[in-house]
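There are 2 protein chains.
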Amino acid sequence: MTMQMVRELGEAAHLAARALALVVPEVKNRALMAIADALWNGRAEILSANEIDLAEARLQHHSSAVLDRLALDERRIEKMAAGVRQVAALSDPVGEITRMWPRPNGLLVGRMRVPLGVIGVIYEARPGVTADAAALCLKSGNAVILKGGREAIRSNRVISSLLADAAMGSGLPKGCVAFIDSVDREAVTHLLQLSGLVDLIIPRGGEELIRAVQRTSTIPILAHDKGLCHTYVDEGADLVMAEEIAFNAKVDRPGVCNAMESLLVHERVAPLFLPRIVGRLQEAGVEIRGCPRTRALVQGIVSAAEVDWDTEYLDLILSVKVVGSFEEAVAHIAAHGSGLAEAIVTADHSRAMRFLREVDAGAVFVNASTRFTDGGEFGMGAEMGISTQKLHARGPVGLTELTCEKFIVMGDGQVRDSTK
Amino acid sequence: MTMQMVRELGEAAHLAARALALVVPEVKNRALMAIADALWNGRAEILSANEIDLAEARLQHHSSAVLDRLALDERRIEKMAAGVRQVAALSDPVGEITRMWPRPNGLLVGRMRVPLGVIGVIYEARPGVTADAAALCLKSGNAVILKGGREAIRSNRVISSLLADAAMGSGLPKGCVAFIDSVDREAVTHLLQLSGLVDLIIPRGGEELIRAVQRTSTIPILAHDKGLCHTYVDEGADLVMAEEIAFNAKVDRPGVCNAMESLLVHERVAPLFLPRIVGRLQEAGVEIRGCPRTRALVQGIVSAAEVDWDTEYLDLILSVKVVGSFEEAVAHIAAHGSGLAEAIVTADHSRAMRFLREVDAGAVFVNASTRFTDGGEFGMGAEMGISTQKLHARGPVGLTELTCEKFIVMGDGQVRDSTK
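Those protein sequence lines, which keep their order, are chains E and U.
Residue numbers are given in the UniProt record's numbering: position 231 of the first sequence equals residue 231, and the series is strictly consecutive.
Residue numbers are given in the UniProt record's numbering: position 135 of the second sequence equals residue 135, and the series is strictly consecutive.
Worth flagging that the hints you see were computed from the coordinates, not collected in a lab.
Among the clues, some could well be false.
Since the list can't tell identical chains apart, any single copy or any two copies may satisfy a pair.
To be verified - Derived SDA-like pairs (lysine to any residue); straight-line CA-CA distance at most 25 Å: (1) K226 with R185; (2) K226 with D417; (3) K79 with R416; (4) K226 with V286; (5) K226 with G279.
Here chain E stands alone, though its shape is the one from the complex:
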């Protein structure tokens, strides 16, 4: 796709966004329900496109993880449609007056939530993201430009055209769901140059994608970076609880960003705790890479290299370290954590409070699994991803995080006198 073609998509989306910002909730919700129906009714078409994508991916010898992310079946399409209906059911953030206050001169000053405008979503193999991302953007009043991974191009082409047709057919402005139908990387570069037309870029994918986008984009980014999550088992912790939480954080779904990658254990509880948890994790197929003190307590563990403390395995592998103090655990997290989610298991109230305050991450947990780091689990409804940056939104990105607040001011003739 040439720069000119991408720019035209951007201009159409920009125009559409102005109109979409003013569409009432009922119309947006009706469009989302129509989109859900269109996905389900178009499942045969989606699945046959997906089959070709899968065949091609197998020919390219993609990993089983990629193939799994790419593959669709009726159940997954049903889930996709259900996800869109769920978004329709969420309350509409647009137009909400979050606060309003009077000034001594009689002015009423308030803050009104409004859409961001046009959101570019750049993602990888998962075709489900196409419907997801579009639904969240439309509901929050934003036009969306979708750019999926090359592996899923045929699936995404079908899905996005079902989305766009259903949206337009329900009265949403033309151009509000755009799809960059291209497998070359140039197209992404073009998209990232559309500042003034595109208001936000959300890269959803691996570290490499994010870095590339950060280097190139002239548009603000909401980055979902890697998840290097720790669980710290404190001195005096309930070790049964600690075992459940640590096991869950590692094993429940090891391939996702909120899974635990490093376990930190206070030296006082390590002799009792480590043999138990390591045994249980190993039974579940987890490879343990331990610090010297861990290896002294449990036999037959490989040694953790320096690089292990900074590695997001996304797999059944865990690095384990014995620490001498709460402070050492917090310092280790500050040095190696990715700022996504961090947990402490403790029975001590003041250390729980300190952990909440002192650990700088999108989500900080006391006595719960980092696996809960999720918009749905937090009660925010569906999510666009999890932001590891500090600006604009941190942690799960829901509908609200796809809007911004403008000031509104109501007066009856007030003027300002600078000489006063």
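On the provided structure of chain E, position chain U as indicated by the hints.
Then chain U, alone, in the frame of chain E:
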């Protein structure tokens, strides 16, 4: 300054920020009071440095506007110190739990306000920004790296060293107020490469500075762009009120970003309104550049060129356009406004509501002067500038906007079952 030197400042600030984030309000406030005292007690030193800056600027034939921004006197230093004391008196945003809600599984999920980390502030001739910016950053728990304009280098050097000494002397961590003591542009480029150490860059200055920072920075930016503000006088508006508001928006302080640059007048009221407001503005020394319909109604006005509708004069110049409808006014604002502040003068309730909803700007006014676009006037206390971007903060940037919210989650052993 070499890259290595700037990086060292960044590393020190990064370390300082971790400590500063945990400093209690009392200590921060004591430090701010000490800073205010230090500024006042150091006034002789500041003024003699400022005199050399001024002499140099005169030699370089800088404009009187630059000289005015650069010049300090006892009154301005007193105001600077008073500004810092005012910031000390504001309520501390750090640690605030903005919301907390229970989940069905017993988890308590909340949002806690925390500092951003390290903020780099890049500004131009005004040495008062040095104290201002530092006070706002410190109060919100952020370390600050200051990079002022070359014209004010001697004044800024003295001021920032007074700030840093007073901060450290009051128990704030070393390195929390850093000053890039350099007049070369390379130093800015170095600063903009410190992603991972610096969390936010705030460029305060002209369009050229902002564009350069946007092009170069790998760090997120909070941009204070230009202000191209409109006042639209609606059909049926109270013309006495309209005259007061328009006159104030243009004349009260024409050199600032929230001053009006373009006046839009509905054709129904133009014949009555334009002669009055134009006469009064001309008496106040304002040059009027009108559209053809304006020139037909008032004699002796120069013609507005296309470029006038996109020009931020920052001076006693005003472009004036007669529009055929409310919709034309809103469309003109969408096409030419800079997203800072826009105002309508109207007696019609439904058009007032529509203007608030349909106009996309940081601050949207009904029946009041755009000159109120200011953190102080909005009741937010002092401000770091006015953001014209949509991400993170829009409109006046106060203390709250220099923080972010992380999620905190308190449980008693909850784990997640993905199979459910």
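For each hint given before, does the structure comply? Return the numbers of the non-compliant ones in rising order.
5
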